[in-house]
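Undergrad: Residue-level listing of the chains:
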Amino acid sequence: MITTLKSFQYFHPNTVEEAVQILNKYGDRAKVLAGGTDLIPSMKRQKIAPQYVVYINDISQLKHIDFGAEEGLRIGALVSHHSIASSSIIREKFQLLAKACNKVGTPHVRRMGTIGGNICMAGPSQDTIPALLVLEAQMKVVSLQGERIIPVDEFFTGPFQTAITGEEIVTEIQIPCPPSDSVADYQWVTKRTVVDETLVGVAALLGMDLDRGVCKGARIALGSVGPKPFRAREAEEIIKGEKLESKLIEAVAQAAAEETKPRSRADYRRREVGLLVKSTLEHLWSQLR
Amino acid sequence: MERELSVVGKRLPRIDAPAKVTGEAKYTVDIKLPGMLFGKVLRSPYAHAMILKIDKSKAEKLPGVEAVITSEDIPVKLFNSGLTDLLVPEEIAKNDPRDQYVLSNKARFVGDAIAAVAARDRKVAEAALDLIEVEYKALPAVFDVVEAMKPGAPKIHDFANGNIARHISFPGAIGDIEKGFQEADVMIEETFNTTKQLHCPLEPSACIASFDSIGRLTVWSPTQLLYLARHKIADIFDIPEGKIRWITPFVGGSFGNALTLRAEPICIALARKTRKPVKLEYSSEEQFIATQSRQPFTIAVKMGVKNDGAITALQGKLTANSGAYYSLSGTTTNVCMAMFATLYRCPNVSVEADIVYTNIPISGGYRGYGNPQAMWALEQVVDVAARRVGMDPVEFRLKNYRRAGDPGWTASLPIESCALEECIKLGMDKIGWREKMGGTKEGVKRRGIGMAIQRHVSGTQPMQMTHSNIMIKMNVDGSADLMVSGCEMGQGMFGVLAQIAAEELGLQIGKIHVVNGDTDETMFDDGQHASRTTYVIGNAIIETARQVKQQLLERASKILATRVDDMYVRDGQIYVRGDLENKISVEDITRRATYNFEGQGRNIAGKCSYVPKGNPPPYSAVFAEVEVDINNGATKLLKIVFAHDIGRAINPTNVEGQLEGGVMHGIGYALTEEYMVNGNNGVVESDSFTNYKIPSTLDMPNVEVIIVEQPTPSGPFGAKSVGECGLNAVAPAIANAIYDATGARVRDLRITPEKILEELSANIL
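From first to last, the protein sequence lines stand for chains A and B. The first sequence begins at 0 in numbering that gives the first Met the number 0 and counts up by one. The second sequence begins at 0 in numbering that gives the first Met the number 0 and counts up by one.
Quick caveat, the hints were computed from the structure, so don't treat them as lab data. All residues carry an ideal CB built from backbone N, CA and C; glycine is no exception. Don't take each hint at face value.
Covered stretches of chain A (chain B as the covering partner; in silico rule of three or more C-beta atoms under 8 Å from a C-beta of chain B) [stated by the list, open to error]: (1) 188 to 197; (2) 269 to 281.
Below are the SDA-like pairs computed for lysine to any residue, each with C-alpha atoms no more than 25 Å apart in a straight line [what the hints assert, rightly or not]: (3) B/K444 to A/E249; (4) A/K43 to B/T217; (5) B/K444 to A/Q286; (6) B/K444 to A/V193; (7) B/K444 to A/R211.
Please construct the entire structure, taking both the sequences and the accompanying hints into account.
TA: So this is what it looks like as structure tokens:
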């Protein structure tokens, strides 16, 4: 019911170095403000009331999209969902990430919200995360003590929880080039309306052994059906070295559904996981053959 | 011979559009007064609790706080926050409980107003809320009507045994229901549940109240019922009514939400205490929990039908969830019962209703009032009945519907006109009914079509007192000021009334200036409710315009040396019939009338009090086409065809807009909107647009509106109403289409994929 923010001290560093100095001083009492699409509503509703707010959106170092055949894709943490979704290189080589970013929120949220902010919120239903999981992204994290690289499947530790500390910020998302002869897609259903939270999200990447005509391997990530988005490893195992015939796809879909732990509408979400895994794999397999 | 119309029937642009597009249009929240304080309301965190003690001393000491009020500071007068009880005599009105204080002395839902603050700025007001110390004693709470009626359930109001606020037997019951059941070849028994839908206007409730130095109160607030709001406030606060000026600026959408008092009583109480102007704006969350919503019903239906499709008996047993207070529950229930009982011909009809208190937010009236609830049940039962006797659902309806000459709501006012058959015929062609109905269904994605009909009202005659009082004054430039106590809440009232005035006066549309919504400037009107504006106010304007025209013609007759009866006014010119050269402009007449140097000076003007003579019901036929995925139960809406019996479209674009908007509300009611209250503690979980989902344009199918124009005798230029009609029958049309596609009959709103799957698996087993 409250609409006014509690008072706080405000910082607006222009460099990563300044930002981490401030965070080093205030740690968990500070909150990092990027696009603000989640933080500001939470503060307005007084779900959180940080003493210090560190606005990092003026840091021009973190707004890059770089690509090289060797090093892969490097996305600055402050790149908006809209910029990712409309980047020609990402649309060409990382199409599922573009598609996932284009699902986030509304057009306004996509222009304000940043990829770094999105992953640091770490909500179980956030659309970027399954895509980053199957792309095996890693996060570059910086603090006054230096930098470290965290693989995506170690980054998320629970609902709205990550492996970074209050002294650190994510500066870059690093995504290796997908394996050759691979295809990937993200599919989802929403809770009720077109513009709505994702009820179930499925990202999948299929690698093909063209000589043998079988699937070399698969990565399948599920969103909104557990405490955090996760890789469905058992389902992935079934695919390795196989042709994706309908019986096998059914088995994969069922295995994936069994790996989920939905909190609400559990039966329906599980059923939907099976259906979405199936339709995603069918779609990808048809592209490969 | 039908007269040729020059303004009415034209697709004119909205006359309020420039002000709204540029931001010039003023809404209540835009108004700022010197020295104005800001109000905030402290709301109960408990669904049901005694208030043992309130310590406001700390809040009062906070610098900037000017007043902290509780139930002890306000008039000890119970009232009903709904306003339409003022439209029936006291001996009827008193049947509806008066159960609310301005601030509550016992918490009855999470969000009940317990205390309020006025402070020099918003932040201070909010900070002061945190300093008010309330000692509650939590009581057991009940959220479900069945639980609430059980012996030993928590008692929410002392007078209401079993939490039953009121039992109503439909006064229009006829025949012998048991005999009707015995005569039937086929019996259908079904139970339906509807949901607590929210109006979701763009503008949350807001009010500004200011007493001047001689104690006269001015109120700015977005209400649909200006004069009734003033009347009730005068009574609650014991202020002579002439000492209250009530102004309604532009209203940012309402859909029935502003048929009750909302922020006004608390705001006025704060202004009275501080003797300073106070603004109280509800936040979006307060709009969700502390105003009112569509009343949820359980409707148990029993219908008897002959093999030839004749209905022999119709019985309804209704249970309405009133929420914590009564508000508009009585009138909503009455409308629900009447719509349910009188859409079809049937010799034996009985409807009974219990209105039950629970510890959830207040239910009231919402676009369609009780009609969407009634249609959700009835129009599905009719679909079931038609199929049971082997008739096409359309043929079944055509056989049984009440039509022109049949009794409407009351036997005293027969149905004046009805173009339902034409609506059905055109709608069937457009949706492809004959080709698509009942085709074989195979595969994962199954298509189906369904339809439903509705009949609504054009005002409240003869159920309630109703009259409109209009003034038209001519300016010397030949333009007219039209003074009317209505509100423009997005429905397009300004344009429609201006078109009617322009047509009857013989002026161009740009010559009409609408002055509205200010009790100092405009006369009594019962307000914007029951889809009455075009029909009732439109007719009042015609009568007033005729007075004005008579004065213009009398003056022109002297100048043109022609009899009044031989002249007419068109496009601002007064012509002599059969002689186009012999004319004089209206401007010439009005100028010479006012600046009259022959001692005949007069401001040409008219006023009238108009009591509607009829209540011609508009009918609609809604057709829906859906595609249901039987794997996941998801429904995709492919198309809605909406054919509406308007009588005459004063502005066809506006009619289409009203209907498309109504359809959107209907789609939300059917498929997306769900008001979630936590079953353990009564906390409203749907308190924002994040978790209460209304459809967006992306959720809308192709909507085709068909306007059927068969002018109704008593309507202004033949017009009937449209405002509420768009949503009444949309949900059952969709449900019937889902049944046609899959065989799944969903009886409880909202239609979810899970409910469809459950029905499907039950059918397979």
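Undergrad: Confirm or reject each hint.
TA: Now the hints, each set against the structure:
{"no.": "1", "hint": "188 to 197", "result": "holds (count 8)"}
{"no.": "2", "hint": "269 to 281", "result": "holds (count 3)"}
{"no.": "3", "hint": "B/K444 to A/E249", "result": "19 Å, holds"}
{"no.": "4", "hint": "A/K43 to B/T217", "result": "32 Å, violated"}
{"no.": "5", "hint": "B/K444 to A/Q286", "result": "23 Å, holds"}
{"no.": "6", "hint": "B/K444 to A/V193", "result": "19 Å, holds"}
{"no.": "7", "hint": "B/K444 to A/R211", "result": "35 Å, violated"}
Checked against the numbered hints given earlier, this structure breaks hints 4, 7; the rest are met.
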